[in-house]
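Peer 1: Sequence:
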Amino acid sequence: MKRKYLWMVRRAYRALRHPKLRHREWWKKLTVPLMQRELWKPCRDTVAGGLAIGLFFGMIPLIPQTLVAAIAAMKFRVNVPFAVAATWLSNPITNVGIWWLQLWIGNRLQDFLKISAPEMLGTLVIPGLGTVNAATFMLGATVSGIVFGMLAFPLVHLFSAVMPHHLPRLPKRNGVRIIPAVSRRSSES
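All the letters of the sequence shown, read from the start, carry residue numbers -10 to 178 under our numbering.
It is possible that part of the hints are untrue.
[What the hints assert, rightly or not] Calculated pairs, DSBU-like style, for lysine-lysine (alpha carbon to alpha carbon, straight line, at most 30 Å):
#1 103 <-> 30
#2 9 <-> 64
#3 17 <-> -9
These are calculated hints, taken from the structure and not from any lab test.
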């Protein structure tokens, strides 16, 4: 697994640093923060954060969910490849099941909280699922994204506890002195 991960990281580095794109200002603004090594190095905490971000945006039905997850991973300084790969949980094969689950969760929450859905969004009656509309779907998508994102942390930490050599912790950094040492000169009287 480590060899394939490193191969993928090297290919991504090479593609992002392509000579035809290097001189463009907008590309530099995007790739300079992305090229920081700690965003690509897998450790327990950054992988958990990247997986949580990726699963959250993977559950939200957006077209550019991979791009949004990568930008959020850069912003929160977590593992970018895991955030991007986790968004691929929702794909054309799994979307039907995920959307059904999100509609079901949205309907249950709407019934439990006794909230009426706005009628302007249009309603549809699905046998076995009930009355659904865009509000219940987005409620279910948001809640499922939050739940899956929160489940990422204990799962990654459990995996790291069972197999510690696969996801090591980052080593402790030595303290950095921010204030320079004051040198005292003896004054001659």
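Peer 1: Hint by hint, say whether it matches the structure.
Peer 2: Here is how each hint holds up against the structure:
no. : hint       : verdict
1   : 103 <-> 30 : 46 Å, violated
2   : 9 <-> 64   : 26 Å, holds
3   : 17 <-> -9  : 29 Å, holds
Violated hint for the displayed structure: number 1, the only one.
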